[in-house]
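For this one, chain V is given, so just place chain X on it according to the hints.
Number of protein chains: 2
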Amino acid sequence: MAEPLFTRLTLIGIGLIGSSIAHAARKSGLVGEIVVQTRSEKTLKRAEELRIGDFYTLDPAEAVAGADLVIVCVPVGASEDVAKAIGPALKPGAIVSDVGSVKMSVIRQMEPHLPANVHFVPAHPIAGTEHSGPDAGFAELFRNRWCILTPPESTNQNAVERLVEFWTKIGADVEVMSAKHHDLVLAITSHIPHLIAYNIVGTAADMEDNVRQEVIKFSASGFRDFTRIAASDPTMWRDIFLNNKDAVLEMLGRFTEDLTSLQRAIRRGDGDTLFDLFTRTRAIRRGILDIGQDIESPDFGRTPAAEGHGSTNGK
Amino acid sequence: MAEPLFTRLTLIGIGLIGSSIAHAARKSGLVGEIVVQTRSEKTLKRAEELRIGDFYTLDPAEAVAGADLVIVCVPVGASEDVAKAIGPALKPGAIVSDVGSVKMSVIRQMEPHLPANVHFVPAHPIAGTEHSGPDAGFAELFRNRWCILTPPESTNQNAVERLVEFWTKIGADVEVMSAKHHDLVLAITSHIPHLIAYNIVGTAADMEDNVRQEVIKFSASGFRDFTRIAASDPTMWRDIFLNNKDAVLEMLGRFTEDLTSLQRAIRRGDGDTLFDLFTRTRAIRRGILDIGQDIESPDFGRTPAAEGHGSTNGK
Numbered sequence: 009m010a011e012p013l014f015t016r017l018t019l020i021g022i023g024l025i026g027s028s029i030a031h032a033a034r035k036s037g038l039v040g041e042i043v044v045q046t047r048s049e050k051t052l053k054r055a056e057e058l059r060i061g062d063f064y065t066l067d068p069a070e071a072v073a074g075a076d077l078v079i080v081c082v083p084v085g086a087s088e089d090v091a092k093a094i095g096p097a098l099k100p101g102a103i104v105s106d107v108g109s110v111k112m113s114v115i116r117q118m119e120p121h122l123p124a125n126v127h128f129v130p131a132h133p134i135a136g137t138e139h140s141g142p143d144a145g146f147a148e149l150f151r152n153r154w155c156i157l158t159p160p161e162s163t164n165q166n167a168v169e170r171l172v173e174f175w176t177k178i179g180a181d182v183e184v185m186s187a188k189h190h191d192l193v194l195a196i197t198s199h200i201p202h203l204i205a206y207n208i209v210g211t212a213a214d215m216e217d218n219v220r221q222e223v224i225k226f227s228a229s230g231f232r233d234f235t236r237i238a239a240s241d242p243t244m245w246r247d248i249f250l251n252n253k254d255a256v257l258e259m260l261g262r263f264t265e266d267l268t269s270l271q272r273a274i275r276r277g278d279g280d281t282l283f284d285l286f287t288r289t290r291a292i293r294r295g296i297l298d299i300g301q302d303i304e305s306p307d308f309g310r311t312p313a314a315e316g317h318g319s320t321n322g323k
Numbered sequence: 009m010a011e012p013l014f015t016r017l018t019l020i021g022i023g024l025i026g027s028s029i030a031h032a033a034r035k036s037g038l039v040g041e042i043v044v045q046t047r048s049e050k051t052l053k054r055a056e057e058l059r060i061g062d063f064y065t066l067d068p069a070e071a072v073a074g075a076d077l078v079i080v081c082v083p084v085g086a087s088e089d090v091a092k093a094i095g096p097a098l099k100p101g102a103i104v105s106d107v108g109s110v111k112m113s114v115i116r117q118m119e120p121h122l123p124a125n126v127h128f129v130p131a132h133p134i135a136g137t138e139h140s141g142p143d144a145g146f147a148e149l150f151r152n153r154w155c156i157l158t159p160p161e162s163t164n165q166n167a168v169e170r171l172v173e174f175w176t177k178i179g180a181d182v183e184v185m186s187a188k189h190h191d192l193v194l195a196i197t198s199h200i201p202h203l204i205a206y207n208i209v210g211t212a213a214d215m216e217d218n219v220r221q222e223v224i225k226f227s228a229s230g231f232r233d234f235t236r237i238a239a240s241d242p243t244m245w246r247d248i249f250l251n252n253k254d255a256v257l258e259m260l261g262r263f264t265e266d267l268t269s270l271q272r273a274i275r276r277g278d279g280d281t282l283f284d285l286f287t288r289t290r291a292i293r294r295g296i297l298d299i300g301q302d303i304e305s306p307d308f309g310r311t312p313a314a315e316g317h318g319s320t321n322g323k
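Top line first, the protein sequences correspond to chains V and X.
My numbering numbers the first residue of the first sequence as 9 and each following residue consecutively.
My numbering numbers the first residue of the second sequence as 9 and each following residue consecutively.
It cannot be assumed that every hint is accurate.
No copy labels: a pair is met if it fits in one copy or bridges any two.
[To be verified] In silico BS3-like links for lysine-lysine, alpha-carbon gap of 25 Å or less:
{"#": "1", "residue 1": "Lys225", "residue 2": "Lys50"}
{"#": "2", "residue 1": "Lys177", "residue 2": "Lys225"}
{"#": "3", "residue 1": "Lys50", "residue 2": "Lys188"}
{"#": "4", "residue 1": "Lys225", "residue 2": "Lys253"}
{"#": "5", "residue 1": "Lys225", "residue 2": "Lys188"}
{"#": "6", "residue 1": "Lys225", "residue 2": "Lys92"}
{"#": "7", "residue 1": "Lys35", "residue 2": "Lys177"}
It should be emphasised that the hints constitute simulated quantities derived from the structure, not laboratory data.
Chain V on its own, in the form it takes in the complex:
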């Protein structure tokens, strides 16, 4: 068997992403041994029962000692505390990475606490499921998903290439871009859609009782897709909005400007403005279908028989 890419991988945090990395790295023979660290005794015990790693500890400093790859898999808001705890114990030459959904903030939080002799290569695998915790992980989670690396310009190129190889070998398609650009693109593709979904579901939750019940009943007419997005993990998403504040507020500004102009068109009965926009938006959808990012079939294979009133295409 070939030499593993890294001798010792340490995972700080062992939820869905951390445990999936462990499964994938082991399955593809990329690492010699895996150290698992988490703050929760219960979660650590569960990880051990599931045999996710080779060594288990509650102590972050102990966990990173001797590791040549450390991946921090905690909510974005906890990044600074982790960096403080592991910084002094890191092995010279180690690669330190993470999996956070926001990159500028993670860099701001972690970089000051990392020694100059380690390589910091922030990463964001765009993958997930509705489930969380060490039981939820599986080796195929990252297959055919994007993983975006945002190394600061001064980062050692060899370290970046080794991390690209790591993610590529566990199935991801890797892109490298600046942290600022990442945060802007994710604000519009992910953070604002989630904020809007949370918001409209919240608006509906505040409706008078008799209407609220019917919102649930007739949700198949469009609302339902928003509720799924708005059922995402509250802690993770709170941290994302607080930590990508600038890009989110910038994009939110554009969104509400545009919405105000639509509102005006409706109030004035300006059908042409509505029709023009509704036609333009089809081109974006076409672009997504063209590059194979979605499938065209109605309801994505949802079968009416299996789920009752299931159309997402009702009017």
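Chain X alone, transformed into the frame defined by chain V:
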């Protein structure tokens, strides 16, 4: 074979909904004969090739003569013209219905032009696919979908019951409510979600070139679901917003109020407000799962292998 429920069904308009009603009514033996009318010579010819009905005409007055059930299946904005054209030719005692996504406006448009001796029972089957035209119709479209009837209070109860029976026998679950209530419930469950989806996709379309390309590329992180909704038929949706103006503007007002307060929470770093909302919205999702309006499995059976970067649950 049992006596059909209606001797002659006339369909004004023969797109996805009209042709699906024809297939379903015939398959279940509910009608003696079917008359098909549409404005477009080409569409009428196509309907005839597909053998959707028994008689075909471009003339609405000729079409409704002798019919005991007339269902108007045209964009909401065309309702008044149709009512004017068919009003004088309707058979006394006939039931006149429609399939529009907005009910107050359809009633305002049609009622003044219908004779006192017919029964007007507006209806809205909440069903559809991405496709349109007579080729798109199929008999099972309404199975396990809601159909909402909004008869004015003075409507003959027997006529309402006959239409309930018609929709029930072609597979729909029928609800009766006021037109005003319908328009309010659909504004929040369907019209506002569509407006928001159109709006955010429009905002993205107006981004600088380099960002726009990446919005498409990384759409799987949440944005993609919005683009599907925003690819809906422009004419139909323009008519919906223009014709449900009051309820849409009312709901849009609540939505933007709530969004402004979220924006303020993000700007001020108020994590508790965000966390509270994100927790509350899960209860609505739970309600939808509890009554079987959606399924819990991630990605609704989308398979990564089949579609590339397919997670809707990325961060």
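Hint-by-hint comparison with the structure:
Taking CA atoms no more than 25 Å apart as the test, lysine 225 paired with lysine 50 passes in neither setting, with 39 Å inside one copy and 39 Å between copies. For the identical chains of this complex, lysine 177 and lysine 225 are inter-copy neighbours only, at 21 Å across copies versus 45 Å inside a copy, given an alpha-carbon limit of 25 Å. Taking identical chains as interchangeable, the C-alpha atoms of lysine 50 and lysine 188 are never at most 25 Å apart, the minima being 37 Å within one chain and 53 Å between chains. Taking the closest pair of Cα atoms, lysine 225 and lysine 253 come within 25 Å of each other only across two copies (23 Å); inside a single copy the shortest separation is 35 Å, beyond that limit.
Taking the closest pair of Cα atoms, lysine 225 and lysine 188 come within 25 Å of each other only across two copies (17 Å); inside a single copy the shortest separation is 42 Å, beyond that limit. Taking identical chains as interchangeable, the C-alpha atoms of lysine 225 and lysine 92 are never at most 25 Å apart, the minima being 49 Å within one chain and 35 Å between chains. In the homo-oligomer, the alpha carbons of lysine 35 and lysine 177 lie at most 25 Å apart inside one protomer (10 Å), although the nearest pairing across protomers, at 54 Å, exceeds that limit.
Checked against the numbered hints given earlier, this structure breaks hints 1, 3 and 6; the rest are met.
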